[in-house]
Amino acid sequence: MSAPYKTFTDGDLEALRAICGAERVIPASEIGEDYCHDELSGVHRRPDVLIKPQTAEEVSAVMKYAAANNIPVTPRGQGTGLVGGSVALFGGIMIDLSGMNRFLELDQENMTLTLEPGVLLMEVSKYVEDHGLFYPPDPGEKTATIGGNISTNAGGMRAVKYGVTRDYVRGLQVVLANGEIVELGGKVVKNSSGYSLKDLIVGSEGTLGIVTKAVLRLLPLPKHKISLLVPFPDLPSAIRTVPSVIRASAIPTAVEFMEREVILAAEQFLARKFPDNSSDAYLLLTFDGASKEEIELAYKEAAEICLECGALDVFISNTQERNESIWSARGAFLEAIKASTTEMDECDVVVPRKHVAEFVLFSHELQKKYKVRIRSFGHAGDGNLHIYVLRDDLPEDVWKKTLLDVFEELYSKAKTLGGKVSGEHGIGYAKRPYLGESLSPEELRLMKGIKELFDPQNILNPSKVVVR
1 MSAPYKTFTD GDLEALRAIC GAERVIPASE IGEDYCHDEL SGVHRRPDVL IKPQTAEEVS
61 AVMKYAAANN IPVTPRGQGT GLVGGSVALF GGIMIDLSGM NRFLELDQEN MTLTLEPGVL
121 LMEVSKYVED HGLFYPPDPG EKTATIGGNI STNAGGMRAV KYGVTRDYVR GLQVVLANGE
181 IVELGGKVVK NSSGYSLKDL IVGSEGTLGI VTKAVLRLLP LPKHKISLLV PFPDLPSAIR
241 TVPSVIRASA IPTAVEFMER EVILAAEQFL ARKFPDNSSD AYLLLTFDGA SKEEIELAYK
301 EAAEICLECG ALDVFISNTQ ERNESIWSAR GAFLEAIKAS TTEMDECDVV VPRKHVAEFV
361 LFSHELQKKY KVRIRSFGHA GDGNLHIYVL RDDLPEDVWK KTLLDVFEEL YSKAKTLGGK
421 VSGEHGIGYA KRPYLGESLS PEELRLMKGI KELFDPQNIL NPSKVVVR
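According to my numbering, the stretch in the sequence shown is residues 1 to 468, in order.
These are calculated hints, taken from the structure and not from any lab test.
Hints may contain errors.
Below, simulated DSS-like cross-link-like pairs (lysine-lysine); rule was C-alpha separation at most 25 Å, straight line [as the list claims (entries may be wrong)]: (1) Lys300 / Lys161; (2) Lys52 / Lys64; (3) Lys126 / Lys223; (4) Lys300 / Lys223; (5) Lys338 / Lys300.
The model shown is predicted, which means the values in this text are computed figures rather than measured ones.
Based on the provided sequences and hints, a complete structural model is requested.
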């Protein structure tokens with residue numbers, strides 16, 4: 001893959017070492033394999049140089065050099081993405097932000113946390129909860145950086161009640177493609193001061209700017225929570241129950257759906273039994289609140305609704321042991337599916353809630369049609385589905401064609417149902433063709449115009465999301 005960028009030279013290496021120091025500027029020959037790919041997408045390319053900055057000023061200086069010399073730059077966190085968003089498609093400079101991982105300020109009066117992008121999501125949760133506060137976004141990959149979550153506008157299991165990452169980003173410090181450092185948003189609760197540039201950066205996957213600091217909104221920590229594991233005779237029965245549960249007097253924190261095959265895979269992967277694996281489909285409901293009385297009322301009402309809608313039983317997860325068995329399995333679904341096959345790829349669509357069952361059942365039809373294993377789980381409460389196509393022992397040429405054909409049908413079906421290409425994992429490089437098919441010409445024109453305005457040289461994570 002090539003583009004009209006400057007060929008990286010030893011002179012460029014020395015110039016960058018003068019900015020950041022030789023020990024934090026690593027030439028291609030010494031870059032580890034992990035930096036050449038992400039977690040799933042199958043996209044592979046080695047950067048010409050890896051830089052590990054410690055400050056926004058260093059990131060700025062690197063971007064100024066890249067802009068002056070027309071060198072592409074790929075920002076990266078932990079590399080846990082699934083769509084090739086952090087792979088250096090054109091070589092050039094990769095900026096690893098995971099070392100910028102300091103907590104800068106916990107403002108308890110304004111209920112905000114200011115931090116650098118390399119802080120891990122699991123560290124954010126622990127840090128604020130130790131102070132009686134709560135950061136609601138809850139993507140499944142807890143070792144991802146907060147910068148990566150901001151980059152993809154990550155959602156997670158609690159989105160049905162609390163929303164997604166964008167809803168909790170109050171302010172950002174961003175290094176633009178020309179090296180300028182800008183402050184967007186802040187600690188204010190309300191802001192009608194012109195266009196929300198901050199919200200453009202959230203979800204832009206490093207194509208418009210590099211986040212070097214974030215101000216996150218926090219909430220009071222819920223004191224109590226409880227989960228319900230609800231088996232159903234089939235998936236349509238389970239999914240039909242979801243709107244009634246969400247319309248009840250208390251909104252669940254999470255509404256997950258899972259099928260028996262995925263539970264069995266997780267049991268095998270963890271060598272640990274799930275509380276129940278006898279049914280074809282399950283809902284996993286979670287409630288949180290300030291008092292036991294509040295969540296007791298909520299879960300009892302939800303349990304009654306589920307039983308009225310055909311649930312076979314309702315298991316209350318009110319012990320640490322049962323909670324761990326359920327949530328460790330749920331957290332291992334992706335790795336368990338991955339471990340059960342030779343290769344796989346994901347369709348991360350979002351559809352209106354009422355169409356979740358129809359879409360998953362459609363994937364079952366494709367499994368039979370193309371004679372390939374397809375596994376799924378996801379967030380029934382917000383319609384975000386994770387559909388995995390598994391290669392198993394298919395030859396390379398058959399696998400590539402089968403994957404292409406299955407994806408074409410899945411994304412076409414999602415569009416027919418009023419859905420979108422990605423619910424929370426982003427577009428990156430791997431899903432870009434499907435974004436182009438699902439958006440109107442006007443939407444694509446506006447996106448390309450935004451990219452050109454922020455990055456006229458097209459050096460910042462090029463060929464991701466949209467192509468100019």
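(message) Holds or violated: Lys52 and Lys64, Cα atoms, limit 25 Å.
(response) Within the cut-off at roughly 16 Å; holds.
(message) Can you confirm whether the C-alpha distance between Lys300 and Lys161 stays at or below 25 Å?
(response) 18 Å, holds
(message) Lys300 and Lys223 were given as a pair; does the straight-line alpha-carbon distance stay at or below 25 Å?
(response) 18 Å, holds
(message) Hint check: Lys126 vs Lys223, CA-CA at most 25 Å. Holds or violated?
(response) The hint holds at about 15 Å.
(message) Against the 25 Å threshold, does the CA-CA distance of Lys338 and Lys300 hold or violate the hint?
(response) 36 Å, violated
The structure shown violates just one earlier hint, number 5.
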